[in-house]
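Novice: What follows is each chain in one-letter form.
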Amino acid sequence: MNLSTPVAVQSREVNYAPRVFDLSETPLRELNQALHNVGEAGDEPAWEVLNPKGSHAVAVGVDKAVAVNVRGSVGYYCAGMNDGATITVHGSAGPGVAENMMSGTVVVKGNASQYAGATGRGGLLVIEGDASSRCGISMKGIDIVVRGNVGHMSAFMGQSGSLVVLGDAGDALGDSLYEAKLYVRGSVKSLGADCIKKKMHPKHIERLRRLLERAGITDVKPEEFTRYGSARTLYNFNIDNADAY
Amino acid sequence: MTYHNPPTTPRRSATFDEYTLSEIRRAAATGIYDIRGAGAKRKVPHFDDLLFLGASISRYALEGYRERCDTNVVLGSRFAKKPIELKIPITVAGMSFGSLSGPAKESLGRGATIAGTSTTTGDGGMTEEERGHSQTLVYQVLPSRYGMNPRDLRRADAIEMVVGQGAKPGGGGMLLGQKISDRVAQMRTLPKGIDQRSACRHPDWTGPDDLEVKILEIREITDWEKPIYVKIGGARPYYDTALAVKAGADVVVLDGMQGGTAATQEVFIENVGQPTLACIRPAVRALQDLGMHRKVQLIVSGGIRNGADVAKALALGADAVAIGTAALVAIGDNDPRWEAEYQKLGTIAGAYDDWHEGKDPAGITTQDPELMKRVDPIAAGRRLANYLKVMTLEAQTIARACGKNHVHNLEPEDLCALTIEAAAMAGVPLAGTDWVPGKKTF
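First to last, the protein sequences are chains A and B. Start counting the first sequence at 1; every next residue gets the next number (UniProt numbering). Start counting the second sequence at 1; every next residue gets the next number (UniProt numbering).
Next comes chain A alone, as it looks inside the complex (with noise of 0.2 Å):
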């Protein structure tokens, strides 16, 4: 070892290539756990993920801003709780894809499953092709854009945040929302209780903009969307609402 070199400048040089582990061969235990373990972001950027062939949980509680690229479809709940991780599915996504994100970008390049991004608090989830019901459930601070369809019950009891549909979106879209925000360019099949469209102003077509930007979207503009947000009637509870309940 050269000593004049510094130890920390040696480790990036090294490992600068990206990390690769296959799951044909090796246990999602240990993925997951050499994920946890990076000490810097800077010390291991780049992880490839090979043959996840549905496995659940792949890549989950990644707390460092490590670039992880997943080439294959993925079970329950790939990005878990990702939390300043770019984590990219080259693939399709099972149910819960990015649960409970804390911060940092998720992205699905073909279909999400159902609860796609819930209870999010913040970061960037872009799913590529269609995501299924209750996409964005409970979500509290997550930005969601997803470029197809989405299910019915999407947004149920949203939050905070956006969610951001390119297509159109199934039954409830909404229901019992507190302070989420949707757009939507498509068609509504139905609005959930206490859902109502609402109108596109210059801040909320700026925010919009920034949004889609932000997901690398530039074939569409933001003036294209419907604007969807809480009616907030039912935010105490007044018995003379008991229908909507």
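Misleading hints may appear alongside valid ones.
Here are the simulated DSSO-like pairs of lysine-lysine, each with C-alpha atoms no more than 30 Å apart in a straight line [unchecked claim]:
no., chain 1, residue 1, chain 2, residue 2
1, B, Lys81, B, Lys246
2, A, Lys198, B, Lys192
3, B, Lys43, B, Lys440
4, B, Lys440, B, Lys87
5, B, Lys440, B, Lys295
6, A, Lys199, B, Lys192
7, B, Lys192, A, Lys197
8, B, Lys389, A, Lys64
9, A, Lys64, B, Lys81
10, A, Lys53, B, Lys246
11, B, Lys295, B, Lys82
12, B, Lys373, A, Lys203
13, B, Lys43, B, Lys439
14, B, Lys389, B, Lys41
15, B, Lys389, B, Lys82
16, A, Lys53, B, Lys81
From the structure, some residues in chain B lie toward chain A, with a derived Cβ separation under 8 Å [unchecked claim]:
no., residue
17, Ile32
18, Met148
19, Asn149
20, Pro191
21, Asp204
22, Glu220
23, Thr347
These are computed hints drawn from the structure, not numbers from a lab. Ideal Cβ positions, reconstructed from N, Cα and C, are used throughout, including at glycine.
Chain A is fixed; fit chain B onto it per the hints.
Specialist: Just chain B, lined up with the frame of chain A:
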């Protein structure tokens, strides 16, 4: 001559009793169902309906002041790399910051820590007061996921996946606007002052197969270190316990209908779910049928008040118990010193249960900064520790009298029942007989 016609004594209806009449009038006046805190208040078969037999010629007792009777319990030995060991088999149940004040949560942490046991977060996330003052803290994962984050998951000593609770199996939580202070609103990502509804189902799993994957995810996030509990309300204890075990639980927490809540409809609390006594044996049987009794630990809660209740729950097969309402009483809830103020609220000390209104004179179920000053966390924590120690001593006293050198060695054969109902539920003989209702004798 005048004919004397004596009046009959005014007779109240057993069906339309005073409480029922007042509730009809209240409902008619307000148009809203009654919401309150605490657990079922109706009389149901309970531990009072069981007695220990004690030792005699066929069993010999242990000397109360000399011979050891251990009380420690290890939780999470099935899968967790770091199981927790408690000195006593009595834990403090989950109660949220939001429903309880910060000083109240701190008191629970302090008391549990002095007594060598765990306390539990609740439907509002983990507070610094609580983490800082709790040596062993169980972190609940609830349907609302308020305050849920991976950092707190990793700071926890165990994780409890809450499927239900005894006061309201199948129901979600509610925290009315009066208690959504700035701090509570911030922790729950909600506007201040609104009525907050906690979901009754988890947002990202449905059914036992999903739960198994959800538990896998939590284990992966926490590197398989933490014990994972699954908490169920007393609905179908045999099947729910079996499914929790199948889903990979280290510990099953089973809460009967006397278990408290911060706020739920009275009709729900009193009419949904089974008494604690009725839940224990089916849950234990499920564990035994799966070969998992004592491998997956069972914590029972709902109406535990003293060391006799602890000993009876353990004798029926539980590994530990949890207390909620009793812990609140120990730190000052419903204390007669505030009688005048309770009366101003239209109630009396001992009956106050409008915990959702945030006006608790004792400063416990409130977010009012002035009221919560009435809780001194150091003194209240000491009282809770004293109470936990008394319960432990009481349970040891009974266990020694039954000849047991560990409270876990208590067994159903140490018990008899005073009523047919209790005998059937607990699966022990009616006192003075060898009759266990529902059990074939040959």
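Novice: Below or equal to 30 Å on CA atoms is what counts here, so check Lys199 of chain A against Lys192 of chain B.
Specialist: 24 Å, holds
Novice: Using 8 Å as the Cβ threshold, decide whether Met148 of chain B counts as touching chain A.
Specialist: With a closest approach of 6 Å, the Met148 of chain B hint holds.
Novice: Between Lys43 of chain B and Lys440 of chain B, is the straight-line Cα distance small enough, at 30 Å or below?
Specialist: 29 Å, holds
Novice: Is the interface hint for Asn149 of chain B satisfied, with its Cβ closer than 8 Å to some Cβ of chain A?
Specialist: 6 Å, holds
Novice: Given the proposed pairing of Lys440 of chain B with Lys87 of chain B, does the C-alpha separation stay at or below 30 Å?
Specialist: This hinted pair is violated, its Cα atoms lying about 39 Å apart.
Novice: Can you confirm whether the C-alpha distance between Lys389 of chain B and Lys41 of chain B stays at or below 30 Å?
Specialist: 26 Å, holds
Novice: Going straight from one Cα to the other, do Lys295 of chain B and Lys82 of chain B come out at no more than 30 Å?
Specialist: Cα-Cα ~15 Å, so holds.
Novice: Verify the proposed pairing of Lys53 of chain A with Lys81 of chain B, using a straight-line Cα cut of 30 Å.
Specialist: Roughly 28 Å between the alpha carbons, so the hint for Lys53 of chain A and Lys81 of chain B holds.
Novice: Does Lys192 of chain B pair with Lys197 of chain A here, judged by a C-alpha cut-off of 30 Å?
Specialist: 24 Å, holds
Novice: For a C-alpha distance cap of 30 Å, please report whether Lys81 of chain B and Lys246 of chain B respect it.
Specialist: 19 Å, holds
Novice: Identify whether the interface hint at Thr347 of chain B stands, where standing means a beta carbon of chain A within less than 8 Å of its own.
Specialist: 21 Å, violated
Novice: Holds or violated: Lys198 of chain A and Lys192 of chain B, Cα atoms, limit 30 Å.
Specialist: With a Cα-Cα distance of about 22 Å, the restraint between Lys198 of chain A and Lys192 of chain B holds, given a limit of 30 Å.
Going down the numbered hints, you'll see the structure goes against 4, 8, 12, 23, while the others check out.
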